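Residue numbers (our numbering), protein chains in the order written: chain A, 1 to 91; chain B, 1 to 341.
The set of hints was computed from the structure by calculation and includes no laboratory data. None of the values given here were measured: they were computed from a predicted structure. Keep in mind that the hints are not guaranteed to be accurate.
Unchecked claim - For the chain B half of the interface with chain A, some residues (derived, Cβ under 7 Å), not all of them:
1. G117
2. H165
3. I259
4. A268
5. G270
6. R289
7. S291
8. S296
9. D316
10. L323
Claimed, not checked - Straight-line Cα separation of at most 25 Å, DMTMM-like style, residue types lysine to aspartate or glutamate; simulated pairs:
11. K71(A) x D318(B)
12. K71(A) x D10(A)
13. K22(A) x E12(A)
14. K22(A) x E87(A)
15. K59(B) x E49(B)
16. K65(A) x E49(B)
Cβ coordinates follow ideal geometry from the N, Cα and C atoms, glycine included.
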Amino acid sequence: MTGGPKADPDPELEAAQQALAKLEAELGYDPDVSLIDVAFQREPGSPSGSVVLRVHVRDRWFAAKPEARAKIPSEVDSVPVVVTRGEYELE
Amino acid sequence: MPELNSTILSDARHTVRQATRLYLSNPRVSLIDFGLRIRDQQESRLTDEPCLRIHLRNKPRGEQLEIFAAESPSLYLSDEELRGLVRDRPFEVDLPLGDYRPNEVVGARTPLPAAVGGAPVRRERLVDPMLGGVSVGNAWLAGAGTLGGKVIDRRGDQMLLSNWHVLAGRWWIGNGAPISQPGRLDGGGTGFVVAYLAQDAWRSRLDAAVARLAVGSRQLVNDQLEIGAVTGAATPAPGMRVTKSGRTTGVTWGIVSSILPGRMITYADGFPRVVRDIWAIEPELVGDRVSGRGDSGSMWLDADTRRAVGLHFAGDSDPPRALAMGMPAVLDALAVDIALR
Numbered sequence: 001m002t003g004g005p006k007a008d009p010d011p012e013l014e015a016a017q018q019a020l021a022k023l024e025a026e027l028g029y030d031p032d033v034s035l036i037d038v039a040f041q042r043e044p045g046s047p048s049g050s051v052v053l054r055v056h057v058r059d060r061w062f063a064a065k066p067e068a069r070a071k072i073p074s075e076v077d078s079v080p081v082v083v084t085r086g087e088y089e090l091e
Numbered sequence: 001m002p003e004l005n006s007t008i009l010s011d012a013r014h015t016v017r018q019a020t021r022l023y024l025s026n027p028r029v030s031l032i033d034f035g036l037r038i039r040d041q042q043e044s045r046l047t048d049e050p051c052l053r054i055h056l057r058n059k060p061r062g063e064q065l066e067i068f069a070a071e072s073p074s075l076y077l078s079d080e081e082l083r084g085l086v087r088d089r090p091f092e093v094d095l096p097l098g099d100y101r102p103n104e105v106v107g108a109r110t111p112l113p114a115a116v117g118g119a120p121v122r123r124e125r126l127v128d129p130m131l132g133g134v135s136v137g138n139a140w141l142a143g144a145g146t147l148g149g150k151v152i153d154r155r156g157d158q159m160l161l162s163n164w165h166v167l168a169g170r171w172w173i174g175n176g177a178p179i180s181q182p183g184r185l186d187g188g189g190t191g192f193v194v195a196y197l198a199q200d201a202w203r204s205r206l207d208a209a210v211a212r213l214a215v216g217s218r219q220l221v222n223d224q225l226e227i228g229a230v231t232g233a234a235t236p237a238p239g240m241r242v243t244k245s246g247r248t249t250g251v252t253w254g255i256v257s258s259i260l261p262g263r264m265i266t267y268a269d270g271f272p273r274v275v276r277d278i279w280a281i282e283p284e285l286v287g288d289r290v291s292g293r294g295d296s297g298s299m300w301l302d303a304d305t306r307r308a309v310g311l312h313f314a315g316d317s318d319p320p321r322a323l324a325m326g327m328p329a330v331l332d333a334l335a336v337d338i339a340l341r
């Protein structure tokens, strides 16, 4: 009842999963970071969406001086990293 | 109109999801669906030709389109890309003009009447019989969230599902605590007890809990206010169109944007707790609200099948985004199933 048969593993998603685990280990407990997930990101001029690591950061990350805030890499194991605002509250 | 057999509809669903992935973040796009071609230069008349429809907020034409494509390549939907979407499909792409406003009622987005057994229902009031989408909370604490829905445990006992931070919310509140419908914030309390806290899912790092219905309690039915009955459970998928019925924002729609779920730290009771298997949900229409305070505990359903795919627990308004834990993980952790009756 909770889902259908499992599809063959997708190499791109497997690579993203491993990169996600690495980035979570690095930034998952940083107070600037609220969530890290994997999403599609469409780059300007690109014909299709690409898989990216998405780091959701709190307002304090934007407000802090670059040297004082979480260092977010531009990619992890060739998987691009994008930053999005995410000041999530329990609802 | 050509016959829409199951193969075409399956292709259509797949293509809509592909298009959603491609254009989810394009602010020109207001809606993506599958329907009859719209002649928007002929008073939006419908033809009998089924198409993948990508509704655009603005449509420059002729020379203006060329200038637009050169100046805003990231917003431009190229012919090559659009052709690729429907390659080998028995339908084409339509780009109708459509600048839909939040809360506008459009076709399938029309909610069912807010009524139970023909009687009008207010989500934050006492509701009989109880159903998903109405106020609930711990009878001792001044708060309110959303009653997610009806589940049954392995013995067949009837339970209501919501978040731990809705049904308990304090470390000192244990199993057996009284649950009120509506929540105390909405006028409930110890005189409105309908269930008792039975179990939480923190051992599995999930902000979820179930409460067993009290003897003689009001009936709890498998229904979501203004949506309908839940038909089962499924794993969220990127591009999936989802809907929820919540105590504060009512029925809203969204699109699952995560491909792989993440985890985050919450401070539900002042202590850091890791929550895992989190899926992000973006509004279906740019600018729409997806959730608000008091919606925690709502079930996110696959809008096509009404299978429960997520349990809402958090959100942000800028950009509007809802966070839900995957429903299969929640049900497994609590050893319960969706009650289909």
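Which of the stated hints cannot be reconciled with the structure, identified by number in ascending sequence? Hint check: 1, 5, 6, 12 and 16 fail, others pass.
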